[in-house]
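Novice: Listed here are the chains, written in short residue letters.
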Amino acid sequence: MDFISILSIFVLACFVGYYVVWSVTPALHTPLMAVTNAISSVIIVGALIAAAEADSDIAKYLGLFGVVLASVNIFGGFAVTERMLAMYKKKEK
Amino acid sequence: MTFSILAGAADAATGTPAWAMLAYLVSGVFFILALRGLSSPATSRAGNRNGIIGMLIAVATTLITHDIANIVEIAIAIFIGALIGVTVARKIAMTSMPELVAGFHSLVGLAAVVVGLAAWLDPASFGITDPDNQIFMVSRIELGLGIAIGAITFSGSIIAFLKLSGKMSGSPILLPMRHVINLGTLTAILAMIGIYAVSPDGGAGEGYLIIGITVLAFIIGFLLIIPIGGADMPVVVSMLNSYSGWAAAAMGFTLGNSAMIITGALVGSSGAILSYIMCKAMNRSFISVIAGGFGADAGGAGDGEAREQRPYKQGSADDAAFMLEQAEKVIIIPGYGMAVAQAQHALREMADLLEAKGVEVKYAIHPVAGRMPGHMNVLLAEASVEYDKVFELEDINSEFAQADVAFIIGANDVVNPAAKTDKSSPIYGMPVFDVDKAKQVFFIKRSMGGVGYAGVDNDVFYMDQTMMLLSDAKKMVEEINKALD
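So the protein lines, in turn, are chains D and B. Note that full-length UniProt numbering gives residue 62 to position 62 of the first sequence, counting from 1, and the numbers run on in steps of one. Note that full-length UniProt numbering gives residue 120 to position 120 of the second sequence, counting from 1, and the numbers run on in steps of one.
Here chain D stands alone, though its shape is the one from the complex (with noise of 0.2 Å):
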């Protein structure tokens, strides 16, 4: 992809989140420190390709480092998140 499609997905992607976040109910701001602290660990992508196709091996274990950080916040995260959430309960009538 050439840098402006790059930046232009980048920019509107900035507005969706904008908008997506200010809709967020104040309750449930942890989990969405949580949940965003999960989804930023899509940053594993990078570190699996680091880790698979490095030709330097000094690349390929920091790829995997990177591997093991991101999976602890991944399924930290997620984990975390669903724990949180299960405890919102409503008023049962």
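Possibly wrong hints are sitting among the right ones.
[Stated by the list, open to error] Using 30 Å as the maximum straight-line C-alpha spacing, the simulated DSS-like pairs for lysine-lysine come out as follows: (1) B/K420 - D/K91; (2) D/K89 - B/K329; (3) B/K167 - B/K313; (4) D/K89 - B/K420; (5) D/K90 - B/K167; (6) B/K91 - D/K91; (7) B/K437 - D/K91; (8) D/K91 - B/K167; (9) B/K329 - D/K91; (10) D/K90 - B/K437; (11) B/K389 - D/K89; (12) D/K90 - B/K329; (13) D/K90 - B/K420; (14) B/K313 - D/K91; (15) D/K89 - B/K91; (16) B/K313 - D/K90; (17) D/K89 - B/K280; (18) D/K89 - B/K475; (19) B/K313 - D/K89; (20) B/K475 - D/K90; (21) B/K482 - B/K313; (22) B/K357 - D/K91; (23) D/K91 - B/K389; (24) B/K313 - B/K475; (25) D/K91 - B/K362; (26) D/K90 - B/K482.
If you're looking for bench data, these hints aren't it; they were derived computationally from the structure. From a predicted model like this one, the values you see are computed outputs, not experimental measurements.
Once you have looked at the hints, place chain B on chain D.
Specialist: The following block gives chain B in isolation, referenced to the frame of chain D:
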């Protein structure tokens, strides 16, 4: 738009097929839906699942489109990460959520640094080289920024983690000339990224530049957070949340990966908006929070001249229980002190007992109560308080005039009327609860000695209708429960 993959990628091995690019886009859409789900607790769990689906798509796509020679090593790496992540997520106490989130931020930051360094060492695998095997200039800038933001996120989050978990004092550490040092370091980082971007080939000097950027960025992250005090941590945690997003976005630019760019933009905006909400709720500018030092000299002032003895009423648990029973409407205002004392379960029990006697109980939450956005809501949810009894500041503030009792537990600055009246007060202009309008105020506090984070005396202590309940929050509520029973 052509699918001419990663601007001029020469290496066929890195050429991402069109279907994969679409898959990354779909993954990005699932991440948007994940955040969208959080607009209400009812849809939130579906939202979280969407996030998981998005992540699975992104990871699967990457694995399928690359020749993985070492799938076993990668599987082990994922397994180790998953084991640590799930164990921590299951064991962590809800009161420790702020430091957990700060800790997770640091990992995203470090992962960005690691990926950036790997891409620099092995640019061909990332498809960011021209036919002469030189890294594109735009990719150099993206790499430099990605590494720098990642490193700042990492070291800043480590400091936030240490402060939040109490392993390091929450009080601001102020270095002399810190603003000059910080601006100088930031300028140096940007200058080095600039030099790296235009330097032609991968000589030894390039290594020094990259290492220099990384090290300086680690240092600046550390320097930026140490002067910021404990109660400004909601802003700091949100800000670092934002940084971790921008770091992911920068790496997404490098890889031309839409899932990473969309996520980065979402997380970046999310953190920025949360920082804004927190600053607004304290009536402070973002710059003044980031400059740090708030509350640094408050300790002295609070203990000194402001501490002239003023008469206040002290009550017992029995007094409180008696008055609470008689009330028709009680509004509970929890603060960080409730989290510290782990009093949320006892509090919920008290509310149950009161409701059984026909008292209406509501909870009022200030945006900056606790150490991270939404901290109190999670603790109340943990204690099984239904979320439709929990209200935000602007939704409930008008109800204090009809309330028989305002029950303040572990909060202080957020009920201080000085924010409305005293222009010289450091918290002037901060929106606060109008507890003075309630017929009766109970204020649970450890002792009369301590002041709130802002270090200002609170007129609510000395009002006619206020009864101070001086004790540990949990112990006091448990005693009230015994008296109510």
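Novice: Each hint should be assessed against the structure and marked as holding or not.
Specialist: Right, here's what the structure says about each hint:
1. B/K420 - D/K91: 35 Å, violated
2. D/K89 - B/K329: With a Cα-Cα distance of about 22 Å, the restraint between D/K89 and B/K329 holds, given a limit of 30 Å.
3. B/K167 - B/K313: Given that 30 Å is the threshold and the Cα spacing comes to 36 Å, the pair is violated.
4. D/K89 - B/K420: 35 Å, violated
5. D/K90 - B/K167: Not OK: D/K90 and B/K167 at ~36 Å, beyond 30 Å, violated.
6. B/K91 - D/K91: Measuring from Cα to Cα gives roughly 27 Å; hence the hint holds.
7. B/K437 - D/K91: Distance of about 28 Å is within 30 Å: holds.
8. D/K91 - B/K167: 38 Å, violated
9. B/K329 - D/K91: 18 Å, holds
10. D/K90 - B/K437: 29 Å, holds
11. B/K389 - D/K89: With Cα atoms ~10 Å apart, B/K389 and D/K89 stay inside 30 Å; holds.
12. D/K90 - B/K329: At roughly 20 Å apart (the allowed maximum being 30 Å), B/K329 and D/K90 satisfy the hint.
13. D/K90 - B/K420: It is violated: about 34 Å lies between the C-alpha atoms, which goes past 30 Å.
14. B/K313 - D/K91: Distance ~36 Å between B/K313 and D/K91 Cα, so the pair is violated.
15. D/K89 - B/K91: It holds: about 21 Å lies between the C-alpha atoms, which stays within 30 Å.
16. B/K313 - D/K90: 37 Å, violated
17. D/K89 - B/K280: Distance of about 29 Å is within 30 Å: holds.
18. D/K89 - B/K475: 26 Å, holds
19. B/K313 - D/K89: 38 Å, violated
20. B/K475 - D/K90: 28 Å, holds
21. B/K482 - B/K313: 22 Å, holds
22. B/K357 - D/K91: Roughly 18 Å separates the two Cα atoms, so the pair holds.
23. D/K91 - B/K389: 8 Å, holds
24. B/K313 - B/K475: Measuring from Cα to Cα gives roughly 19 Å; hence the hint holds.
25. D/K91 - B/K362: Given pair D/K91, B/K362 holds - Cα atoms ~13 Å apart, limit 30 Å.
26. D/K90 - B/K482: 27 Å, holds
In the structure shown, a violation is registered for the earlier hints numbered 1, 3, 4, 5, 8, 13, 14, 16, 19, in ascending order.
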